[in-house]
Structure formats: C-alpha cells, structure tokens
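Protein chains: 2
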Amino acid sequence: MEKEKKKPVILITNDDGITAPGIKNLIEAVKDLGKVVVVAPDKPQSGMGHAITIGVPLRLHKVNLFEGIEAYQCSGTPVDCVKLAVDKVLHHKPDICLSGINHGANHSINVIYSGTMSAAVEAAIESIPSIGFSLLDYSLEADFSAARKYARIIVEQMLQSPPNKHCVLNVNIPIATVDEIKGVKVCRQAYAKYEEDFIERNDPHGRKYYWLTGEFVNFDEGTDTDVWALANNYISIVPVQFDLTHYKQKEHLEKNWNILSKEG
Amino acid sequence: MEKEKKKPVILITNDDGITAPGIKNLIEAVKDLGKVVVVAPDKPQSGMGHAITIGVPLRLHKVNLFEGIEAYQCSGTPVDCVKLAVDKVLHHKPDICLSGINHGANHSINVIYSGTMSAAVEAAIESIPSIGFSLLDYSLEADFSAARKYARIIVEQMLQSPPNKHCVLNVNIPIATVDEIKGVKVCRQAYAKYEEDFIERNDPHGRKYYWLTGEFVNFDEGTDTDVWALANNYISIVPVQFDLTHYKQKEHLEKNWNILSKEG
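One line per chain: the protein sequences are A and B, in this order.
Mapping to the numbering used here: the first sequence position 110 is 121, numbers consecutive.
Mapping to the numbering used here: the second sequence position 127 is 138, numbers consecutive.
These are computed hints drawn from the structure, not numbers from a lab.
If a hint is listed, it holds; no wrong ones were tucked in.
If several chains are the same, the list does not tell them apart, and a pair holds so long as it fits within one copy or across any two.
Below, a list of computed lysine to aspartate or glutamate pairs in the DMTMM-like style, where the Cα atoms sit at most 20 angstroms apart:
1) Lys273 <-> Asp190
2) Lys261 <-> Asp235
3) Lys193 <-> Asp154
4) Lys99 <-> Glu207
5) Lys99 <-> Asp208
6) Lys176 <-> Glu207
7) Lys176 <-> Glu206
8) Lys73 <-> Glu211
9) Lys16 <-> Asp43
10) Lys204 <-> Asp235
11) Lys17 <-> Glu167
12) Lys17 <-> Asp43
13) Lys73 <-> Asp53
14) Lys104 <-> Glu167
15) Lys219 <-> Glu81
16) Lys99 <-> Glu226
17) Lys99 <-> Glu81
18) Lys160 <-> Asp190
19) Lys219 <-> Asp98
20) Lys46 <-> Asp106
21) Lys273 <-> Glu191
Whenever a hint applies, use it, and build me the whole structure from the sequences.
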C-alpha cells in the first residue's frame, strides 16, 4: 500500500507587511493545499528591491493573525524574511514559496524594484520554486476574488509540475471581476520604464527636499508582453531568471573590444 | 574644419557613500576623460539592491570633497542618486554612468544584492551606458592601483565604442598588484549563492535577535565565469541585462501547462 503523500510546506511572505489584505487573501486561497507557514515584514517594504539587512540585527516575533496558521513578523526586508524562514523557522527548505498578493502592479520593469518579486527570486536562488503575485489595484479595499481564484489554480499547477527548483514566476492580475478575466497567459517582460519627475518642496526652515514620483511609460508594442496581456484582461505569468548575464552583449564585446586578454 | 568634440559628461555614484576611498579613486582614474559630476549617498548603502525611496523625501547637498569636481551627497539609495542626478542635477542624460569602486566583490549572485550594480542598471534602463566597478578587497586601506588603471582603460573603451545605450557592465578587480593582473576577460555570471547562517543572540532584556551572516559558495566549475577569472588574477567583465524573462522556461510552460488560455 502506498503511503499517503506528505503535505507540501508552503512558505508565504510579502512586501506590503503582514497586516496587508493581500497576504491574508493569498493564505485563504491556498491554505488547504499544504502546510502554510508565514514569515512576513512587520511594516510595508515596497520598493525595497533585493535589499538585505547587514548593518542592524533582525527581530522575529510569532503572531496570531491567521486562524490555524503558524505566522511570524520580521523586522527586515522581504529577502531577509525568506532567508530567516528557511534558516531559523522551518530549518529546511519549503516545497514552494509564495509572495504577495502585492497591492499594485509588478509587471514589466517593476520586477526590478519589487520587494515581492525579490523575495520570490531569493527563494529560487535557494532552490525553492516560487511565485510572486500582484494585483494591479493599489487600494486597501481592492477586490481579490479573481486574484484568489487564479493564485490557487497556478499554485496547484506549480506543485504538480514545477518546471525546476530554480523556477520563479511573476504573476500579475488585472483589475477585473472573475467573469471578465479571459484566462492565463505566459508572457515576456515588456520594455517599459518610469519617466521620473521629482517634486521639489521647501521645508519650514527653507531647505529643499524631493519626492520621487514618476509615470510608467510602455515602449513595447508586442502582444506577447505582460503589459499587453493585463490590458486585455489576461492574468500574466512571466518566468524570471537570476542569471543576469547578457549573452548577446558578451559575444559582441568578445568580438569588438581590443582591450581583452588574448589568451584562453 | 571639424568642431572640437564635446567632452563627455560622466556621472559617478557608489553605494559605500560619498566619503569612501573607492569613489575618490574612481574619480581620480577618469576625471580627465570628460566632465565628471558626482551624486552619491551620504552614508553607506551596501546590500540595498534595487531599492528606491518612496515613503520619505530625499535631500541633496552640494559638497566640496573632490578638487575641481561638482559633487552632491544624497540621503537616498544608489538608485535614487541616479534618478535625482538625471532629473535635478544634470537636467539631461550623461554620456556614461560609473558606479563604485565598490569595497568588496560584486561577482556572481552578488550582482542582485549590490547597490553599486543597481545604480548602474538603473542608468542603463534610462538609456545611459554604465559600468559598475568592484574591488575584491573590503578594507578601507585597500590598494586601488590596479582598479584605477583598468577602470580607466575600460571607461575609455566604453566611451569609444559602447555596445549600445542599454549596456551595463559588471567589472570586478581581483586583489592583486598591477604586475600580477593577467588581463581583462568578458565572462558570464557564475552560479553561486550564500549559505546563510544567522547568528542568534539575546539582548539585555532577554529577547532574541539575529545577525545575517553567510558563506559564499560557488557551484559553478566553468572556466568562463567571473569567479574563475578573478581567482586567476583576471579583471572580469560581465555584461548585465534587465530583461529578466527566462525565455527557456517560458517555452517550457507554454508546452506543458494546461491552465493556460488556448486563444492567441
């Protein structure tokens, strides 16, 4: 007789902080697919990119926020949360790491600035298949129905057939009802960027300060991008890599630069 | 008669902070190759990855640290420095952006955690060719002679023939004298990672806290990697991309996952 298959361990984190509605919705969506353990930042950490905490020590506190779920809040960044969870909470690698559901888009170039996605990438570096989820709606009162439904479908598929242990998926969900969603598309990252515009103000002492603002501008007309899919009410999945070598440019330099070593 | 060619504008930043010896050495190495403008963090920002400052405003102050060089210290991250420099200091794109010289290695997976490299990547997103420089020696008293010599050679080559406006190079310099350096190699990023080991301590009130430590472990036996080149006394150059799409895995998912939309 075959032994009952062990329940997969699902590590959940985010970058909006452990009290954000998005992480609660993610937990609800997948909690019966395995044993869920939550380690998430104790405060919002948006825009932290792949930051890690070197100069100050980290705190980790057990919290009772989600019924029947082991959960901890951590004073560090999303990447710190993943590292601490594996080393000091689970004491082994989980079967999968989920990050989110982020309040706001992480499509296109946002993947680089996103704490949500950096947590997922960190897990994949550690050989833990992972998925970051983001909903394009920033508001605290956002409707997570479609996000919850599709997060569950994608996590089930990933648990059944993970492409490999270093696989990390960037999943974005459009602002749409369950009925409006047209389906799930695998996409490439659109080439887009922020056009910065710092707002300049004076403090009460007459000294200047600057607020970072910016407009997201898409330069990519492809219909195979995440930006296109989301604008057309599809869920977008972009598989992400952490080998950042630009192989084409490597070849170009090897052929054209004369300052390179001739041997080897 | 041909007009005299305009001097290129060289933006310099770093992540160790504007008072670090590394940035002074980089300025010295290239200051006669163009008009140098410095915008760098007012304090160390190591390990900040691609973090940006959203929740607090930024300060920018002119400083007189480098003879004859326009320089500013900024309260934000390395990425903030690049954004502010372009929008509020230069009011146009510089011809090249240089970041460093970092005190410590940014080879292999370090590229993901590095503020030095994130500043360079941010510039490339903005269509400014850029180079991040890192010396494998952490110490404040490090010998920058070889780093200075090769930084200059590489910047000259990049100004003469930049592969394209989105080109960003990750340059690492081994701990070696000028005579010991064997040359310059274009490499791929080695597959390596940190094996985390958090040190657990108790504060005077009996509460636990954790220090992040970790050992760098190289899993990559290739002789075409940055780790190999550096161990063999070569300067390593890895061209870096910011399209993080994992195209192979994209194909794999498209073929094998049955939750995807059939149309289009």
